[in-house]
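Protein chains in written order, with the numbering used here: chain G, 320 to 637; chain A, 2 to 533.
Note that these hints are calculated values from the structure, not bench results.
There's no promise every hint is true.
Stated by the list, open to error - Label pairs and their calculated CB-CB ranges:
(1) A:Asn343 to G:Pro381: 35 to 43 Å
(2) A:Arg298 to G:Ala372: 29 to 37 Å
(3) A:Thr166 to G:Pro381: 42 to 50 Å
Unchecked claim - Chain A stretches covered by chain G per the calculated footprint, using a threshold of three residues with CB under 8 Å from any CB of chain G:
(4) 334 to 340
(5) 451 to 457
If you're wondering where the values come from, they're calculated on a predicted model, not measured in any experiment.
Quick reminder that beta carbons are idealized off the backbone N, C-alpha and C, glycines included.
If you want the building blocks of each chain, they are given just below.
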Amino acid sequence: MITYILRRFLYAIPIAFGVSVVCFSLVYLAPGDPLQTILPSDASADTIAMVKAAYGFDQPLPIQFLKWLGRVLTGNFGESIATRRPVILEVTGALRNTGTLALFAVPISFTAGYAMGALAGCFPGRIIDRVVTGTAVIGVSLPNYWFGIVLVIIFAVQEMMLPATGMGANGSTAFSLFSLADLRFLVLPVVTLSMIPIGIIARSTRAAVAEVLNQDFVTTLRAKGLGEIAVIRHVLKNSLPQVLAVMGLQFGYLMGGSILVETVFTWPGSGFLLSKAIINRDVPVLQGTILFLALIFVATNLLVDLLQSMIDPRIRRS
Amino acid sequence: MAGLPFLRGIRCGSVALILCGLLAGTPARSESVLTVGMTAGDIPATTGNPDQGFEGFRFVGYNLYDGLALWDLSRSDAPSDIKPGLATAWHVDANDHHRWIFDLRQGVTWHDGCPFTADDVLWNFARVTDPKAPQYYTVQMALSRTYVANFASVEKIDDHTVAITTKAVESLFPYSMSYFLMISRCRAEALKYDWAAYAAHPSGTGPYRFDRMVAHERLEFIPNKDYWDPKRVAKHDRLVLLPMPEAATRAAALLTGQVNFIEAPAPDTIPRLRSAGMQIITNKYPHNWPYILNFVRGPMTDIRVRRAANYALNRSEFVEMLGGLAIEEYATMPPGTPYYGNPVRYEYNPDKARALLKEAGCLPCKIVFAISTSGSGQMQPLPMNELAKAQLEEVGFQVELKVMDWNSLIEIGRSGVAKYPEIDGYNGSRALLDPVSALIKPVWKAHWSPAGSNWGHFYDPEIEDLVNQILAEFDDQKRLAMLTRLHELENDRALMVWVVHDLNPRALSPKLSGFVQAQNWFQDLTPIVVQP
Numbered sequence: 320m321i322t323y324i325l326r327r328f329l330y331a332i333p334i335a336f337g338v339s340v341v342c343f344s345l346v347y348l349a350p351g352d353p354l355q356t357i358l359p360s361d362a363s364a365d366t367i368a369m370v371k372a373a374y375g376f377d378q379p380l381p382i383q384f385l386k387w388l389g390r391v392l393t394g395n396f397g398e399s400i401a402t403r404r405p406v407i408l409e410v411t412g413a414l415r416n417t418g419t420l421a422l423f424a425v426p427i428s429f430t431a432g433y434a435m436g437a438l439a440g441c442f443p444g445r446i447i448d449r450v451v452t453g454t455a456v457i458g459v460s461l462p463n464y465w466f467g468i469v470l471v472i473i474f475a476v477q478e479m480m481l482p483a484t485g486m487g488a489n490g491s492t493a494f495s496l497f498s499l500a501d502l503r504f505l506v507l508p509v510v511t512l513s514m515i516p517i518g519i520i521a522r523s524t525r526a527a528v529a530e531v532l533n534q535d536f537v538t539t540l541r542a543k544g545l546g547e548i549a550v551i552r553h554v555l556k557n558s559l560p561q562v563l564a565v566m567g568l569q570f571g572y573l574m575g576g577s578i579l580v581e582t583v584f585t586w587p588g589s590g591f592l593l594s595k596a597i598i599n600r601d602v603p604v605l606q607g608t609i610l611f612l613a614l615i616f617v618a619t620n621l622l623v624d625l626l627q628s629m630i631d632p633r634i635r636r637s
Numbered sequence: 002m003a004g005l006p007f008l009r010g011i012r013c014g015s016v017a018l019i020l021c022g023l024l025a026g027t028p029a030r031s032e033s034v035l036t037v038g039m040t041a042g043d044i045p046a047t048t049g050n051p052d053q054g055f056e057g058f059r060f061v062g063y064n065l066y067d068g069l070a071l072w073d074l075s076r077s078d079a080p081s082d083i084k085p086g087l088a089t090a091w092h093v094d095a096n097d098h099h100r101w102i103f104d105l106r107q108g109v110t111w112h113d114g115c116p117f118t119a120d121d122v123l124w125n126f127a128r129v130t131d132p133k134a135p136q137y138y139t140v141q142m143a144l145s146r147t148y149v150a151n152f153a154s155v156e157k158i159d160d161h162t163v164a165i166t167t168k169a170v171e172s173l174f175p176y177s178m179s180y181f182l183m184i185s186r187c188r189a190e191a192l193k194y195d196w197a198a199y200a201a202h203p204s205g206t207g208p209y210r211f212d213r214m215v216a217h218e219r220l221e222f223i224p225n226k227d228y229w230d231p232k233r234v235a236k237h238d239r240l241v242l243l244p245m246p247e248a249a250t251r252a253a254a255l256l257t258g259q260v261n262f263i264e265a266p267a268p269d270t271i272p273r274l275r276s277a278g279m280q281i282i283t284n285k286y287p288h289n290w291p292y293i294l295n296f297v298r299g300p301m302t303d304i305r306v307r308r309a310a311n312y313a314l315n316r317s318e319f320v321e322m323l324g325g326l327a328i329e330e331y332a333t334m335p336p337g338t339p340y341y342g343n344p345v346r347y348e349y350n351p352d353k354a355r356a357l358l359k360e361a362g363c364l365p366c367k368i369v370f371a372i373s374t375s376g377s378g379q380m381q382p383l384p385m386n387e388l389a390k391a392q393l394e395e396v397g398f399q400v401e402l403k404v405m406d407w408n409s410l411i412e413i414g415r416s417g418v419a420k421y422p423e424i425d426g427y428n429g430s431r432a433l434l435d436p437v438s439a440l441i442k443p444v445w446k447a448h449w450s451p452a453g454s455n456w457g458h459f460y461d462p463e464i465e466d467l468v469n470q471i472l473a474e475f476d477d478q479k480r481l482a483m484l485t486r487l488h489e490l491e492n493d494r495a496l497m498v499w500v501v502h503d504l505n506p507r508a509l510s511p512k513l514s515g516f517v518q519a520q521n522w523f524q525d526l527t528p529i530v531v532q533p
């Protein structure tokens with residue numbers, strides 16, 4: 320098992336390097352000026368040249384990349400052009416806020432999605448299956464941007480039950496998970512954010528459970544006289560590796576935050592940070608955020624692989 | 002049935018918890034708070050000249066800091082002009098028109114308690130122009146350089162008088178000083194020029210003092226009770242600024258009471274806001290929404306084509322589309338501007354437009370316009386550009402819209418026509434606060450892109466001569482007459498394709514009173530009273 324973990328960990332290193340190359344290059348492929356934030360729209364060519372030189376953006380791209388990579392390897396992600404704050408602080412602060420959303424969205428969406436999918440999978444073709452499948456399709460298809468605004472209109476504007484926007488009455492630094500007043504700010508973004516993962520997990524679980532139910536060993540179990548609950552327990556366990564892979568991806572999605580959802584709710588998470596960095600072409604923040612999120616995906620995949628192999632040792636052997 | 006009392010207990014408990022939550026969520030504030038939902042995507046820079054365009058100036062720059070000159074924002078019924086700020090008066094040296102004498106205001110103190118003197122002015126200019134000075138800060142250089150482009154040197158005459166020398170004679174130079182904000186030398190030295198620390202502890206002379214900031218989320222100011230202009234001491238206890246780039250979010254935040262002042266409500270939310278009792282405030286201001294044209298190659302080099310494009314637009318349809326939140330634009334400046342004059346009025350006349358295109362031999366007349374999907378001052382760019390395209394094509398144009406994000410359009414605007422010769426024009430809204438930015442830069446050869454903002458390399462000997470005369474004329478009345486003539490000439494030459502002037506809508510809670518919406522990009526928030 321240790322060899323397997325080490326091997327999987329070593330695989331992750333070139334992936335992380337590849338991600339860093341891609342995320343650095345992609346940022347430069349986009350048109351626009353990385354210094355847009357600090358340059359007035361009528362800045363002259365000589366002003367732009369002076370500022371580019373001061374920031375090192377006048378150097379060839381490979382040199383810029385090597386310098387950036389050298390800094391990143393020492394834990395220095397540079398400074399935000401817009402705020403002058405260290406990128407590491409910008410990204411970790413935003414990830415913490417997105418993590419707060421994920422803290423609620425992950426258990427809600429995973430539990431609801433898995434329960435719905437398992438229920439539908441155990442009763443294929445029945446009414447419960449149709450209801451769950453229909454609900455899951457709606458969850459996946461609804462644009463969460465639109466859904467978020469509809470929730471705001473109903474629960475914030477019309478009913479005045481919940482706040483429409485922001486992370487607490489005094490901002491994220493004063494936000495407390497132990498304050499009901501602050502928790503109210505979580506409700507609408509969490510519900511909006513959970514819709515898509517619920518739909519995806521429900522559909523994947525349903526497919527996985529239905530597939531396992533059709534396998535020969537289930538017939539054997541029943542032939543041996545095993546009770547239906549015990550059979551279902553075996554079925555769920557066997558469908559789990561497949562579902563875990565999907566959950567891993569969805570966990571990465573939730574940790575990455577949603578640009579649209581966080582923008583609608585002005586939630587200061589990684590998605591909102593990313594959107595601001597894109598709009599402002601704040602290259603250091605953009606590169607840092609993408610790299611962090613990519614590494615979270617890599618780490619999550621690694622974790623899922625390990626969990627899968629623990630649940631089903633055949634995966635490790637293959 | 003046995004479970005019912007248990008369920009009832011849970012329900013009661015839940016209700017109690019929710020009520021606790023609601024009560025806990027009700028801020029027990031005794032202070033009056035003005036909470037603004039800005040369109041900006043982030044908190045503007047607090048280290049002097051702000052970023053985030055003129056919205057940054059409006060809410061952060063002009064509240065924390067002052068310039069030698071300021072804008073008079075006290076009236077809504079007339080265009081605003083500059084007035085004394087940290088300088089009480091200025092005049093050009095009669096013997097040397099490159100030299101301006103500024104008399105500094107006495108008795109002004111920075112928020113940190115240090116007195117404001119001539120040394121602070123010298124120190125501030127070095128901060129953005131002298132790379133060898135310890136206080137030189139690249140970011141501030143970038144944000145200020147446009148406004149100090151003509152600055153050559155500054156000397157101290159005495160503790161309360163400075164002389165600023167310009168590189169070229171410029172009779173309109175004091176306008177530049179309204180955009181250059183002074184920050185505290187005392188505070189910067191105390192923080193050893195750590196600008197990130199300064200951003201978190203800024204000190205100016207403005208009507209508000211910094212109180213608290215949560216990066217990217219909120220900025221809180223409290224009134225500067227010792228402000229040198231007693232008329233501008235804030236009439237509320239706290240100003241909170243929240244970035245809310247999404248229009249629907251701003252409207253929802255206003256309707257739920259999370260903010261009580263929002264910028265730029267979307268036209269389709271106005272009826273809902275009105276029905277909830279919100280005040281919708283509009284006023285004309287120096288903004289326009291034109292197509293800025295290519296004078297180097299392509300159809301727009303022909304004045305007949307430019308005029309045809311102007312005659313082709315039925316501007317009333319744009320106003321209708323925008324729910325009345327705009328006025329028809331027939332010239333660069335909105336009517337009422339002191340130098341508006343009597344420009345040609347390119348009323349909707351499709352027959353005349355067709356005839357002009359035929360005369361120019363450009364039928365169908367293929368043109369390419371670069372447009373953005375959003376952006377500062379861009380209003381509703383996609384539907385508006387679609388409407389313009391439809392109207393232009395009705396008279397014989399064949400319009401290709403190159404759609405891009407705001408940043409890419411800015412890049413086109415900065416780089417100029419030489420780098421993008423295939424583009425016949427781009428749709429970029431403009432801030433027309435002062436006559437140099439509004440009228441001179443777009444036509445002056447010295448500002449041919451990429452050196453300046455004459456994007457399409459417009460050149461007309463008569464206009465060039467007039468610009469030089471304006472910059473050398475120090476008699477206000479004579480200069481005003483010349484500026485009026487310049488505005489009329491630019492209009493005659495169909496310098497742009499003019500569409501609409503924005504009416505700058507804002508929505509305020511009914512609990513707010515006293516706001517005077519100046520005809521300006523900047524606004525004074527200090528008179529606002531917030532009822533409990």
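Cut-off 8 Å, C-beta pairs, minimum 3 residues; does the coverage of the stretch 451 to 457 of chain A by chain G stand? holds (count 4)
Taking the beta carbons of Arg298 of chain A and Ala372 of chain G, is their distance inside 29 to 37 Å? holds (32 Å)
Quick check: does the Cβ-Cβ distance between Thr166 of chain A and Pro381 of chain G fall within 42 to 50 Å? Holds - the Cβ-Cβ distance for Thr166 of chain A and Pro381 of chain G, about 44 Å, lies within 42 to 50 Å.
Confirm or reject the coverage of the stretch 334 to 340 of chain A by chain G under the rule of 3 or more residues with a beta carbon closer than 8 Å to the chain's beta carbons. Result for this restraint: violated, n = 0.
Is 35 to 43 Å right for how far apart the beta carbons of Asn343 of chain A and Pro381 of chain G are? Given about 59 Å between the Cβ atoms, the range is violated.
In summary, the numbered hints that this structure violates are 1 and 4.
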